[in-house]
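K.L.:
As a plain string of letters, each chain reads:
Protein chains: 2
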Amino acid sequence: MAVETFSVAEICAEAKRASHALARLDSAAKDAALLAMADALEERAGEVLEANARDLEAGAEGGLGEALLDRLALTPTRLAGMAVDVRRIAALPDPVGEGIEARRLPNGLDLRKVRVPLGVVAVVYEARPNVTIDCSALCLKSGNAIVLRGSSIAGHSNAVLAAVAAEAVAAAGLPEGSISLVAGGGHEELAELATHSESVDLIIPRGGEGLKAALSAVATVPVIYAAAGNCHVYVDASADLEAARAIVLNAKLQRPGTCNSAETLLVHRDAAPDFLPRVLADLHDAGVELRVDGRARALAGSVADSLLDATEDDFATEFLALVLAVGVVDSTEEAIEHVNRYGSGHSEAIVTSSVEASRAFTGGVDAACVYVNASTRFTDGGEFGLGAEIGNSTQKLHARGPIGLRELCTFKYVVEGAGHTRA
Amino acid sequence: MAVETFSVAEICAEAKRASHALARLDSAAKDAALLAMADALEERAGEVLEANARDLEAGAEGGLGEALLDRLALTPTRLAGMAVDVRRIAALPDPVGEGIEARRLPNGLDLRKVRVPLGVVAVVYEARPNVTIDCSALCLKSGNAIVLRGSSIAGHSNAVLAAVAAEAVAAAGLPEGSISLVAGGGHEELAELATHSESVDLIIPRGGEGLKAALSAVATVPVIYAAAGNCHVYVDASADLEAARAIVLNAKLQRPGTCNSAETLLVHRDAAPDFLPRVLADLHDAGVELRVDGRARALAGSVADSLLDATEDDFATEFLALVLAVGVVDSTEEAIEHVNRYGSGHSEAIVTSSVEASRAFTGGVDAACVYVNASTRFTDGGEFGLGAEIGNSTQKLHARGPIGLRELCTFKYVVEGAGHTRA
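Sequence order for the protein chains is D and U. Okay, so the first sequence: first residue is 119 according to the numbering used here, each after it adds one. Okay, so the second sequence: first residue is 119 according to the numbering used here, each after it adds one.
In isolation and in its complexed conformation, chain D is listed as follows (with noise of 0.2 angstroms):
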């Protein structure tokens, strides 16, 4: 593989010309490149560990800390859930060629809008290596070519990983550059990648915060962000409180590093009294820091002393730790404005058995989604039946949501006609 001799400009080129003819593959032809590439990276596992040696000691030379680490480790055990989950990929269902609408129109025009790959995906990532191959799988699934830009923290992983993928796919019959790793992690490669609109269609980044903000300061490519998720579960008057218990502790606690784990807590007046004290309770012997509103405060109970007061600021936080704001509203309606006023679009639950209530909130909170009487935490590809994601959407455009295959893909309509002209 010597695509790290190339520039991105002519990375970008031969990635397009690669998807003209991925876009035109059958499902059988992608798959079995896909099962070739979980073959390789069984095959040449000690290929990839002793790349991945080499960026671990430079990193624990270089000072990065333990958490940093980790995720950059790859081992065994690692990599054969990589290849499990390439496998899993191809047996999805191929979303290129489904039909979405077909209507034949009243002068005898046949109308079919059919789903069609975006084209050149550019994925920019940080630390972890099995991005690598987890997006490359998921772009030729659905027809894409990838161009990939990962950190230098991972650079030999990296480059070892994209070399066995593409060198799999090439072998198994699919275009030069339908996989390319740009080479060297700086910010002039983002930039350039990131505005290269004439061949890339989608520049999707896996990171934090500081890559985003990087990647908006530049790109003129379209990007779709993965979401932050300031998620917030609403405890009607009329809510099962067993029910509402379980929610809220699973939002909470299930995996609290996670943007779809819940981050404030809103409970009805006329259930507070009776379901606060006990939630606080089981919350504040689960590790939760409670910031509270003052009236929470007031019907706190045996752990009104542990709590902080809330600021404005800790309604507005997406924690991703074992914290929680905790709030007492009058009414559905205030519960709904306070969750488009300070939610981030995610995910937002209700737990009610009123249908009044159930459909106000459903119909007036502006989410990607929204639960009833279901913790916030099924908000996942997986959960959702779409296979397998590579993201989850807050922006309302094209995807929101998990972003799937469907959402690595456009349309096109195609209109067949007898030598039809317009009158």
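Worth flagging that the hints you see were computed from the coordinates, not collected in a lab. Remember, predicted model here, so these are calculated numbers, not experimental data. Wrong hints could be hidden among the right ones.
Unchecked claim - Cβ-Cβ distance ranges computed for the label pairs, FRET-style:
#1 D/431 <-> U/127: 51 to 59 angstroms
#2 D/209 <-> U/196: 54 to 62 angstroms
#3 D/125 <-> U/220: 45 to 53 angstroms
#4 D/142 <-> U/306: 44 to 52 angstroms
Note that beta-carbon positions come from the ideal geometry of N, C-alpha and C, so glycine has one too.
For chain D, the structure is supplied; the task is to place chain U on it using the hints.
P.N.:
Then chain U, alone, in the frame of chain D:
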């Protein structure tokens, strides 16, 4: 109407508040407001025409050309036409609430993907004052609040039209802020509007390339650009040459200033000797300036002397005029490559009797609309049965092809459970 005394920030914030109420309105309430808007346009025609006369006078004094003055001018007939269009939009199906998909997940959660309004749509436009009404009706019908920013040339007309529309829909019960007009047509207001991402969900420019460039330089809000169309007709070896002739003439001549008109004719070498002399003569007789490659010139017959040589630039140009580039190709594959290289991804046609060629062209051409045996001129929201359109998109994300009411919407997932928590 006092909106003109508010800042862009205040206008956007009020539009956001209005959008939350608009999103929950039923179709009957929105349609009644649109009918009230249409009635008000007729009832207050005098005020509108008076304001328009002031703009026309200032325009004439300021040295506006004939064409611009005509675009600016309102007449009783044009106003009546605008009212008719609003009533037509009111009669269209409501896109809001439409179920896109619904599934029960394996864990019993009921998931629905439902179409909902985007929220606040900003429309930035040039001289035509009818855009004020047209876009307001489309946005309200799709449950969005609209913020308008017109050109200062049409300042008086737009102010009265926006006031008439806003007052009529407010009297019909729609929230304040459903329709607003930003005072001042300067670049400062444009930049402020285009970066107000906390309130504005989408910005649509309706105007020339200068406006688009000004917007793309500053926008952080998502933008959908109306498309340039460098459209092709490809006449395959197996084409019915009578049908091909009718399609080429229609695609070039029916309305040459539109983005879905043909700018390049490609002819397969086997069809060229029969087809080119006749069609070039027809086009020449119709006043079309022909810019041809060497192989086309050699087969041109009677009109050979009147032909210009096509440059590389000619094949890349959207003429929007009675000019056509003409080339001969060796194969359908070469035609596809030409189209993908020079086309703008708008509307592309093949004329053929071959199933193989049709399949190759519709599969291989990367464009919003691909036609088989039909004129490119059909790319239009009305023709496609969308009822109305706000423009045509050659972007691949969100909206591709005609931008109708559905494309002014996003969706949300509504997920209902019975106390579901994630394991």
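K.L.:
Please go over all the hints and tell whether each is borne out by the structure.
P.N.:
Hint by hint, here is what the structure shows:
Look at residue 431 of chain D against residue 127 of chain U: about 21 angstroms separates their beta carbons, and that is not inside 51 to 59 angstroms. For the pair residue 209 of chain D and residue 196 of chain U, the beta carbons lie near 59 angstroms from each other, so the given range of 54 to 62 angstroms is met. A hinted range of 45 to 53 angstroms for the beta carbons of residue 125 of chain D and residue 220 of chain U is consistent with their spacing of about 48 angstroms. Taking the beta carbon of each, residue 142 of chain D and residue 306 of chain U are about 48 angstroms apart, inside 44 to 52 angstroms as hinted.
Consistency note: the structure conflicts with earlier hint 1 alone.
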